[in-house]
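Visitor: The residues making up each chain are set out below.
There are 2 protein chains.
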Amino acid sequence: MTPRFAQRMAEVRPSAIGELLALGADPSIISFGGGYPDATLFPAEELEACFREVIRAPGGQAMQYAPSNGLPRLRQQIAGLMQADGVACTAEDVLVLQGSQQGLDFAARMLVDPGEVIVTEDPTFLGALIAFQPSQPRFAVVPVDAEGMQTDLLAEVLAANPQARMLYTVPDFQNPTGVTLSLARRHELIRLANAHDLVVIEDTPYRQIRFAGESLPTLKSLDSEGRVIHLGSFSKVLVPGLRLGWAVAAPALLARMGLLKVAADTQTSTLNMAVASLYLDRYDLAAHVAGLRRAYAAKKEVMLDAIRRHFPQEIGATDPEGGLFTWLRFPEGFDATAFMREVALPRARVAYVPGATFFPLTPRPNHARLNFSAQPEAKIREGIKALGEALKSHPR
Amino acid sequence: MTPRFAQRMAEVRPSAIGELLALGADPSIISFGGGYPDATLFPAEELEACFREVIRAPGGQAMQYAPSNGLPRLRQQIAGLMQADGVACTAEDVLVLQGSQQGLDFAARMLVDPGEVIVTEDPTFLGALIAFQPSQPRFAVVPVDAEGMQTDLLAEVLAANPQARMLYTVPDFQNPTGVTLSLARRHELIRLANAHDLVVIEDTPYRQIRFAGESLPTLKSLDSEGRVIHLGSFSKVLVPGLRLGWAVAAPALLARMGLLKVAADTQTSTLNMAVASLYLDRYDLAAHVAGLRRAYAAKKEVMLDAIRRHFPQEIGATDPEGGLFTWLRFPEGFDATAFMREVALPRARVAYVPGATFFPLTPRPNHARLNFSAQPEAKIREGIKALGEALKSHPR
Chain A
1 MTPRFAQRMA EVRPSAIGEL LALGADPSII SFGGGYPDAT LFPAEELEAC FREVIRAPGG
61 QAMQYAPSNG LPRLRQQIAG LMQADGVACT AEDVLVLQGS QQGLDFAARM LVDPGEVIVT
121 EDPTFLGALI AFQPSQPRFA VVPVDAEGMQ TDLLAEVLAA NPQARMLYTV PDFQNPTGVT
181 LSLARRHELI RLANAHDLVV IEDTPYRQIR FAGESLPTLK SLDSEGRVIH LGSFSKVLVP
241 GLRLGWAVAA PALLARMGLL KVAADTQTST LNMAVASLYL DRYDLAAHVA GLRRAYAAKK
301 EVMLDAIRRH FPQEIGATDP EGGLFTWLRF PEGFDATAFM REVALPRARV AYVPGATFFP
361 LTPRPNHARL NFSAQPEAKI REGIKALGEA LKSHPR
Chain B
397 MTPRFAQRMA EVRPSAIGEL LALGADPSII SFGGGYPDAT LFPAEELEAC FREVIRAPGG
457 QAMQYAPSNG LPRLRQQIAG LMQADGVACT AEDVLVLQGS QQGLDFAARM LVDPGEVIVT
517 EDPTFLGALI AFQPSQPRFA VVPVDAEGMQ TDLLAEVLAA NPQARMLYTV PDFQNPTGVT
577 LSLARRHELI RLANAHDLVV IEDTPYRQIR FAGESLPTLK SLDSEGRVIH LGSFSKVLVP
637 GLRLGWAVAA PALLARMGLL KVAADTQTST LNMAVASLYL DRYDLAAHVA GLRRAYAAKK
697 EVMLDAIRRH FPQEIGATDP EGGLFTWLRF PEGFDATAFM REVALPRARV AYVPGATFFP
757 LTPRPNHARL NFSAQPEAKI REGIKALGEA LKSHPR
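Chains A and B, in that order, give the protein sequences. Position 300, counted from 1, in the first sequence is what the working numbering calls 300; the numbers after and before it change by one each time, with no gaps. Position 10, counted from 1, in the second sequence is what the working numbering calls 406; the numbers after and before it change by one each time, with no gaps.
These aren't lab readings, by the way, just hints derived from the structure by calculation. Some hints here could point you the wrong way.
[What the hints assert, rightly or not] Only some residues are given here: those of chain B computed to face chain A with a beta carbon under 8 Å: (1) 405; (2) 443; (3) 448; (4) 509; (5) 637.
These numbers come from a predicted model, not from an experiment. Glycine included, C-beta positions come from ideal geometry on N, C-alpha and C.
The whole structure should be built from the sequences, with the hints applied where relevant.
Guide: What follows is the structure in structure tokens.
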């Protein structure tokens, strides 16, 4: 048979750079591509102890079905983490998710009719665009500078798109650029959301990984009208392999997301929820995260130092205060996708993510995202040096 | 704010019996409500050993991100299980899912435009109706008898609904009725699907839990045109808390489901996939399942024996050859929902799932689903006796 697919699949397509990124999985390539945390820093012993304890607990409840909105104790602990970060909420305001990615899917399905507008940063997280596509949105985009989404331009975009339903932002150490939304712009973003009746999706996977400067208030903590859906994740602060994230939102929004959770996959893994909950009870997550911060700060320094040393002067790189990424700006006319295919992979044996893919509407080919968390420091030096030499010997 | 939701949320509503079922969670109630496997039969020691081994493996890969379509070794092992069950397939034909529930969501999203028809058994699995609702289908239903979906009536339903897109069935030990689709009807169902260009969703969570009779070929094994999406699950044969299921389907279908997987939650938990894979390498799943079969067969006998002994004669109960459920038929005019609220819960201290909720179009209130896998045998006897006495002393 030749299947006939639903209309909503029209824009659901394989990533144009999937094949290129797959080449980066070759172990002889130094990959700065994925957003992987450093596996040598995973709290393996502690997690092993937690799995042992929850599996041995009488009654086998950690292996059984669980409530679809999450284990009550874990919801309570997540509410505690959010309170400590300045968000007034209780366990009732928390929905446990299969990674915060699931919250992106649910938000778009819940809020966006086909053809309606989602506003995003430009560039923005590719995974969010992928999550939103099956809801058949149109995108409107707001450029990013060193202080994050440019809220003066957001005002213009909203004026031009009065029917916009939802705004998506990564305010802390944005993916892919690494920049952080300034405090003044956070207030302005909330003011604009209130004025235009937008729901704001605040995606914060990197928030805890801050190297420098003061933590800024979450958008959720500035939200007086219950229009911010805050998404959090254990992937970067604990381990990605648990696939645990969460949403904090006003009751009417969270209830609908909870219904979609029942529909989509019934529940997140009981074992993984029980283990995360026990870890939070038994161990000091903040101390563990402090170690991650130090390690990733050092790696970021190594990468930026190597970039300054080896890259041609005209290539810019952001210096993020946290997170996992720096964002390269090559001269106009440079095609980072072609360079990766023709030079970086085959000659320098280095992979990155070409920047074009992060722009929802108009790809700008003279950018690339580099991850500094996954590789050991020696590999960062080696890979950036090789990339720099390739850039110098193959000017485009 | 008062959120405005997308059109697709119109039919996404809390279950009408959610509150009633929540009452069944009271530990002083004997619940035959949920579809829970028996937690005392979970292979806890083996799973603990598997978690230990995958967490300790050098490189920490079990805690890291993994390919979104599943760990290659696990896909290969699942293909092996399917081959042993008569389905010609390879690892490439397998997509790992967050429980087979996720396959229901993906199938409907991929295939069904708003207002298009999904054909289901009548009654059918409530979770499937919940999974399908956000895709805004209409339902057409086919009654079930002792040999499963009545394919002569299916032919009529398809003639009346030429635009039907998808057919959903639980051919083995159906939820909620416990009945199994006969071999002749399996062939007829495939013939009709071919004639009407339907995609068939074959949901098989209970297939391995057979007490009596011979295993019948899966619909997928009879599918010569690549139009069956087979869904399988480790929830009943291993543990639900891993949330692991899979789809086997033709390349064009599986590729689209894989794109929805990336969009929906990126991937299933690496840890849980690695543990299931190691369990399949280290232990004898078939021997474990043989033990489950014996235990659940004994419980089914205890329940049906107690029903024969204590229930009024006019109440019918299916005698399934496998699975987790028997299906009660009360006399016309009996309202199993009202009886549960007014008598079974407060007086007999027993819970079940009122049958009305399983009928997609026209609820028939004189039915109920009883689960026999979760409770110990003594509780089954006690609960059925109490329910029988309540039915006799409160005729309706």
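Visitor: Work down the list of hints and note, for each, if the structure agrees.
Guide: Hints and how they fare:
1. 405: Given a least distance of 6 Å, the restraint on residue 405 of chain B holds.
2. 443: Holds, because the Cβ-Cβ distance from residue 443 of chain B to chain A comes to roughly 6 Å (cut-off 8 Å).
3. 448: Interface hint status for residue 448 of chain B: holds (6 Å vs cutoff 8 Å).
4. 509: At 5 Å from the nearest chain A Cβ, residue 509 of chain B passes the 8 Å test, so the hint holds.
5. 637: Holds. Min distance 4 Å.
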